[in-house]
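Trainee: Following the hints, position chain W against chain D.
Residue numbers (my numbering), protein chains in the order written: chain D, 59 to 465; chain W, 59 to 465.
These are calculated hints, taken from the structure and not from any lab test.
Hints may be right or wrong, so weigh each one.
Which copy is meant is left open, so a pair is good if it fits within one copy or across any two.
Unchecked claim - Calculated cross-link-like contacts (lysine-lysine; reagent style BS3-like; alpha-carbon spacing at most 27 Å): (1) 283 x 61; (2) 389 x 119; (3) 444 x 85; (4) 61 x 219; (5) 460 x 389.
Protein chains: 2
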Amino acid sequence: MMKASKRSQGVSYAIRDVILPAKELEKKGIEVLHLNIGDPNAYDFDTPQHIKDALYDAANKGYNGYAPSEGYLELRQAIVEREKKRNNVSYSPEDICITTGVTEGLQLLLNSSLDPNDELLIPGPTYPQYTLLTRFNDALPIPYRCIEEEGWQPDVDQIRKKISNRAKGIVIINPNNPTGALYSRKVIQEIVNIAGEYQVPVISDEIYDDLTFDGHQCATASLAKDVPVITFNGFSKVYLMPGWRIGYTMFHHQGELHEIQDAYMRIARSRLCASSVCQRACIQALRGPQDHIKQTNDKLRERRDFSYKRLNEIEGLSTAKPDGAFYIFPKIDAMSEGIWHDDKEFVLDLLHEAHVLTVNGSGFCTTFGKGHFRAVILPPLKTLEKAFDQVEQFMKKRLAKKVPIHR
Amino acid sequence: MMKASKRSQGVSYAIRDVILPAKELEKKGIEVLHLNIGDPNAYDFDTPQHIKDALYDAANKGYNGYAPSEGYLELRQAIVEREKKRNNVSYSPEDICITTGVTEGLQLLLNSSLDPNDELLIPGPTYPQYTLLTRFNDALPIPYRCIEEEGWQPDVDQIRKKISNRAKGIVIINPNNPTGALYSRKVIQEIVNIAGEYQVPVISDEIYDDLTFDGHQCATASLAKDVPVITFNGFSKVYLMPGWRIGYTMFHHQGELHEIQDAYMRIARSRLCASSVCQRACIQALRGPQDHIKQTNDKLRERRDFSYKRLNEIEGLSTAKPDGAFYIFPKIDAMSEGIWHDDKEFVLDLLHEAHVLTVNGSGFCTTFGKGHFRAVILPPLKTLEKAFDQVEQFMKKRLAKKVPIHR
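Chain D extracted, bound-state conformation (with noise of 0.2 Å):
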């Protein structure tokens, strides 16, 4: 048998992990609940009209060979103006680069910064990616805490205690996956701060960011008077169209990120481009009608809700508040009676006999998020509540037997 590479035994993704026993039941006729994947399209949201009215006009207007492979100007351009109405910050076409969703942003700017052994301050918990293509460029992620009874927020302080001179940059996902946490004005500009202390980036994920049900979220860039920030962000999740993967990356006072970006643009050049009639779409998905956020902010506050309630009545198990994103993160108090070896063996528990799919917290970070599990909000109140219900029969039973459980 031919070998794999070494690098490559390391990568596992809990998300789509889980997927393949769910599979299983699902083969045996068995009924699932997905409450695993971050996809608003797979419950009752869809992408906007109009945006699928200019995929079609691109592909009819002849935009169907390779675009710049910094992306369209047009809709640079497009993405400039947005971030000067919606943060007041101002960015230049060039500062931007549009990729294949978020994840190879990521992939483009870990490969052209992270040397072996250079460092990279994460959150606990993180979007897995951060973790496993920080490793895939022999580098470690330093994963930070972030605290459950504060709704999730950064310590700063233990930023400030983790970070070294070895450090490349400070990552910070905002609003937060998998915790749904939307970060304070004062621990952004905190964590601003230290990264100017020590001359590193700060990387901000920034893919949620209309998606929040009280509060505004504040842009890093923003709050960065002198500091460089790279910011991630994209059509998936706000637009409601995460199977087109059009995401993009904006370098905040590029001055010093000169030789990053340089050396991002050589990699982003050698792999073409993204998808052009996508692309195209996606102008119109920025100077287009914008109704949808609202209506969509309106349903998920409605399930964060009802979430947020029902998740905490449940006994075993207890939940901070989500204010963004589409994500809960309930702790299992249950953990400690013995009755699973870990989250996963609970999840998968938890899947086989209620059959309700959720993703492990270890699988976002085995420090911080272990003992937990990753929902999705997404589902209309009907599903949720048939969802939780078989839940709570579920914890019910295992706390009544309180025998661990052997498969």
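Mentor: Positioned in the frame of chain D, the structure of chain W alone reads:
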């Protein structure tokens, strides 16, 4: 200034890097004839209408969420059918993964199979990503000669001489980019045999498979009785939709490849999926009318015939005859006159003086590509006529002087 990674420092992509100086000329109002990029849609080719309609249909039917990481089952089934029909090779859908162009497939494969100091046999000249991505994995690209006098067929003896126990695969690109060579059945069989002896897979890039002018392209997997073959293909070229970025990877005799395929899929899951709507349209690309392929080849054959004849008439240049894809790779015989230091200088001189943009051969292999340039044969005859007239004037002028240029 924050430093870029060491790994990124060697990255350059000649095909797109030459665009920057061309843009400078265009800013001054100078018309540049672009013979640099392998994008049929930049000339008088366009995506068939039924594929565009299928794209819109997919968006309207709600295929806007994430696709499965391995791609939609229906698309993989359509590929299975094509492979059976065209090549008499049997795949199961599980052996196929849909990717964002061949580029991503190659990235996934090399990430999952190359360890530091491994070697990969690569044609000289080659599509640059093979060299770049091998180096990115800290492995060594080992270029083997392709024989210009034999229409750029691979030098099988040299493959045999250069292969070692550190080799992890033999790459072939057929039809070839940048030379346009269509490999003979005999040569492919010999390469398959060597791979069998060394127990490594053949990595076969067949993205141009149906674009041939006289002969029929022979799929490597169809000749490999018990040797593993990993084939890259996609819709960009044959279906005239390069901007849409849909490619695929196929694992043949996957028993031996199980570990690598497993690693490939684990990494593929972490990057989510290729564009959902573009994937759906590709189902119709395979299942709908195929008339455009003959039409494309008829146009390309005429342009190939003209380019081959005309370039060989120009003093100081000579070229082999391409049989597939849409490239020609002339030799700059006049390099021996000492007019230019290298082919990069030639290409820039040609751009600035004759306003014809090509790509330096050394961008495809510093050993076996130097002293050449790559041109596309995609433009209409009128454009090709004009371009080659300008090239001829340029060569006459330079050869009359025979004075080294200094800029």
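Trainee: Run through the hints listed earlier and report the numbers of any the structure violates, in increasing order.
Mentor: Hint check: 2 fails alone, others pass.
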